[in-house]
Amino acid sequence: MRISRSNLTQATRSNHPRTRKQSAITMISDTSLYTLAIFLGSAAMLMIVLYHFLEINSKDAEPLSKDRKADAIPAAGKARS
559 MRISRSNLTQ ATRSNHPRTR KQSAITMISD TSLYTLAIFL GSAAMLMIVL
609 YHFLEINSKD AEPLSKDRKA DAIPAAGKAR S
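Residues 559 to 639 (this note's numbering) are what the sequence shown spells out, left to right.
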């Protein structure tokens, strides 16, 4: 039996994964993309607000030393003239 070039090409194309018919894959709709963007943006903003809330209300692990307190308060040192 002799195999022609067109039959060989057709046989190899039908078995290749990229040329198979892929009807199950569809593109995301504009409405779904918009809803996803709104949800992810809102979640990101909530995470930022939560981070800042926790950062502001957290307690320091160690108290400040006397030297650091003097550096932090400008009125505690000598007045410059």
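Incorrect hints may appear among the rest.
Said to hold, decoys possible - Label pairs and their computed distance ranges (CB to CB): (1) Y609 x T589: 28 to 36 Å; (2) L594 x E620: 41 to 49 Å; (3) I586 x I606: 38 to 46 Å; (4) I614 x A582: 43 to 51 Å; (5) E620 x S600: 52 to 60 Å; (6) A582 x K617: 26 to 34 Å; (7) L591 x S623: 32 to 40 Å; (8) L598 x K624: 31 to 39 Å; (9) I614 x S587: 48 to 56 Å; (10) V607 x I583: 35 to 43 Å; (11) D618 x D588: 45 to 53 Å; (12) T584 x N615: 56 to 64 Å.
Note that these hints are calculated values from the structure, not bench results. C-beta: ideal position from N, C-alpha, C; glycine also.
| request: Could you tell me whether the CB distance from V607 to I583 stays inside 35 to 43 Å? | output: holds (37 Å)
| field | Range hint compliance [Cβ, A582 to K617, 26 to 34 Å] | value | Given range 26 to 34 Å: violated, Cβ gap about 54 Å.
| Does the hinted range 52 to 60 Å hold for E620 and S600 at CB? | violated (37 Å)
| field | Range agreement (Cβ of D588 with Cβ of D618, hint 45 to 53 Å) | value | holds (49 Å)
| That 48 to 56 Å hint for I614 and S587 (C-beta), does it hold up? | The hint (48 to 56 Å, Cβ to Cβ) is violated, given that I614 and S587 are roughly 41 Å apart.
| task | Go ahead and decide if the range 31 to 39 Å is satisfied by the Cβ distance of L598 to K624. | result | violated (48 Å)
| said: Verify the CB-CB distance for Y609 and T589 against the hinted window 28 to 36 Å. | reply: holds (31 Å)
| said: Given a hint of 43 to 51 Å, does the C-beta separation of I614 and A582 actually sit inside it? | reply: holds (49 Å)
| E620 and L594 - C-beta distance against the hinted 41 to 49 Å | Given about 44 Å between the Cβ atoms, the range holds.
| task | Could you see if the CB distance from L591 to S623 stays within 32 to 40 Å? | result | violated (54 Å)
| field | Outcome for the supplied range 56 to 64 Å, where the beta carbon pair is T584 and N615 | value | Since the Cβ atoms of T584 and N615 sit about 46 Å apart, the hinted range of 56 to 64 Å is violated.
| request: Return holds or violated for the Cβ distance of I586 and I606 against the range 38 to 46 Å. | output: About 26 Å separates the Cβ atoms of I586 and I606, which means 38 to 46 Å is violated.
Taken one by one, the earlier hints fail for this structure at numbers 3, 5, 6, 7, 8, 9, 12, listed in ascending order.
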